[in-house]
Amino acid sequence: MQRFVLGRRNQITLVSAIVIAAAFVSKLAFKNEVVFEWALLVASILGAVPIAIQAYQALRVKVVSIDVLVTIAVAGAFIIQNFEESAIVTFLFLFGGYLEQRTLNKTRSAIKELTEMAPESALKLMENGEFEEVEVDEVDVGDILLVKTGAKVPVDGTVLTGEGHINEASITGESVPVSKKVDSGVYAGTILENGTIQIIANRVGEDTTFGKIIELVEEAQDSKSEAERFIDRFSKFYTPAVLILAFIVWLITWDVELAITILVLGCPGALVIGVPVSNVAGIGNGARHGVLLKGSEVIQDFSRVHSVVFDKTGTLTIGNPKVADTEFYSDDMETVLGYLASVENESDHPLAKAIVEHIGDTRLYEVENTDVVKGGGIVALVDGHRVAVGNAALMEQENVHLSEKAREDIALFEKKGNSLVLTSVDGELKALMGIRDQIRPGVKSHLQKLKRMGVKNLIVLSGDNQGTVDLVAQELGLTEAHGHMLPEDKSAYIAELQAKGQIVAFVGDGVNDSPSLALADIGIAMGSGTDVAIETSDVVLMNSDFSRLPVALGLTKATARNMLQNIVIAIGVVLVLLTNLFFSSWVTMSVGMLVHEASILVVILNGMRLLRYRLR
Amino acid sequence: MKKAAIQLETLACPSCMQKIDNAVKALDGVEKDSVKVMFNASKVKLDFDEEKVSIENIEKAITSMGYEVIKSQVKAK
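Just so you know, the sequences run in chain order R and U. For the first sequence, counting from 1, position 487 maps to 487 in the working numbering; every step adds exactly one. Counting from 1 along the second sequence, just add 1000 to a position and that's the residue number in the working numbering.
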């Protein structure tokens, strides 16, 4: 019976609305007061039944809920035979509940869309050599799976055969398809846009990157800040307090109407719902755009951040060295570059790789008598010529004469923070290359955005020498730069800033700086979906995308603002209603209920704005 | 000890949470500190002792409060 009634709340609301409309038609059009009163009585009872059932259920588990307040108020209206009030109040309460559910679903839609991207089935290679469709839960690590065009990758795995393009938006927030071939890693929840691949499962279910993201976001949307826990505790005592207040007012004034109006006005709807609504919409927006925020506390802290501390390598820089400056001392550069590429092809030193990559396709020569000079470079015989590739010390050892111009170039390249690679052919200097770690493209403008949004200090900490760090700081317009820092020095530095009362965010790649990530008020990992990054940090920037950093800051600021607005709206409405109740006459029970329900909808709609937030 | 994640129909009022919280905690065999009612996710997470209380009993306690259970996942802890 109870479930029958509660399951048909919406139908009851509709019927109640029709009966109320009929009542007013009979009164206004046919001047029939008797039908009017009876119809409203019917509507009141219809509307009151589901509310009373909920109130009874709440009381059974010792909770004084809003339903209890409304039920008593409606009972009071019955006693003084004001059926107009009771009918309208119950209808508004039910209809408001319906609208709340609809609009709340909207604010939660971003996160729901994400969880619905979870794969459900997989084509698994069975013992008989055929692929069969199975539930994704039945896939184990090591299983071989077939993924067809348009299908979701069911688990994290490695491509065994085939190739295709995969849309990884669910993991990275970036919807440009990524090319995958044999040995490429693929992620659960991403979509194969073309091609067919077979993969071997490396991680399944909740252990996949996507599984972890969902778990994290789900926990985050319901995590509570200190302020919210306060509101929760407060509302536990608030509703019983309203009940007692109404009772006292009735005892003093013997005015039932006043007492039941207080009950309706006291419903704590907007205050309790306002903050969670902003929270879920803000976190949902982030999750859709490659920013994972781990809850409401993080939003509060990050929105008020004073200093952002960066790790250098892999964070401000790409973390893989490239040729930045070149100077040539020969007319036939094509041959020299061919020799150089041929020699460097023999080596797997990071600088050699950078050079091979820089030169690209060229004619390669046979290399003989390769001799690796420790701490110097390589000397080899190429195409009948003696070729030396290495640093200045190697050139000296090879008796290569350095011209005045070459010496100046070397000094200049070093000043720019380069590692040097010189190339000589038959004892003559032919080429000078400066290699350094590249700053991520666009970092400078992203950092400026942070400054414009009110971040006071942008600080870089690095294990590199002070000169290199200073150069990076200068180029990017950072406020401070500190080199020669071990991981423990970095965390000590952060602790020092915190001791000065600053809120500190640390941005790192999560590999060797987890102490700093953990210690900072906000740990921000540039994770390309690495587990460590996802677990130890408070904010994850998917796909190591630096441009997400200002987006994350802007979003937390907007969300924190939105929460504050909602709290102000909620408290403001109650204050206005209460003062008017005592000092004017327009506040009746149904007006109170109308304003109350309207304020709930206003805070939900306000929260919904966050779903559309974009950083300008 | 088992760990349960129960997906409910969309929760619309925060005072529902308190009701569900109290109803589930009142069951013998449910680890009281583990009960977590998640408003936005519309989920209940809890640890329980399967020898004292079954998942069906926990679901019943929630449905009798007027909230539909969509599905439950039980895992060994």
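If you are wondering where the hints come from, they were derived from the structure by calculation, not from laboratory data. From a predicted model like this one, the values you see are computed outputs, not experimental measurements. Where is the CB? At the ideal position from N, CA and C, for every residue including glycine. One or more hints might be untrue.
As the list claims (entries may be wrong) - 27 Å max Cα-Cα, derived DSSO-like pairs, lysine-lysine:
(1) R:405 <-> R:416
(2) U:1003 <-> R:294
(3) U:1036 <-> U:1025
(4) U:1052 <-> R:112
(5) R:106 <-> U:1043
(6) R:212 <-> U:1052
(7) R:62 <-> U:1075
(8) U:1071 <-> U:1043
(9) R:294 <-> R:456
(10) R:224 <-> U:1052
(11) R:322 <-> R:415
(12) R:415 <-> R:405
(13) U:1075 <-> R:152
(14) U:1075 <-> R:236
To be verified - Cβ-Cβ distance ranges computed for the label pairs, FRET-style:
(15) U:1007 <-> R:451: 41 to 51 Å
(16) U:1003 <-> R:181: 48 to 58 Å
(17) R:255 <-> U:1028: 22 to 32 Å
(18) R:583 <-> U:1077: 53 to 63 Å
(19) R:99 <-> U:1032: 49 to 59 Å
(20) U:1028 <-> R:99: 31 to 41 Å
(21) R:479 <-> U:1007: 42 to 52 Å
(22) R:245 <-> U:1034: 20 to 30 Å
(23) U:1010 <-> R:572: 49 to 59 Å
(24) R:113 <-> U:1034: 56 to 66 Å
(25) R:612 <-> U:1003: 30 to 40 Å
(26) R:612 <-> U:1010: 41 to 51 Å
(27) R:518 <-> U:1077: 50 to 60 Å
Earlier hints that do not hold, by number: Hints 4, 6, 7, 10, 14, 16, 17, 19, 22, 23, 24, 26 and 27 not satisfied by this model.
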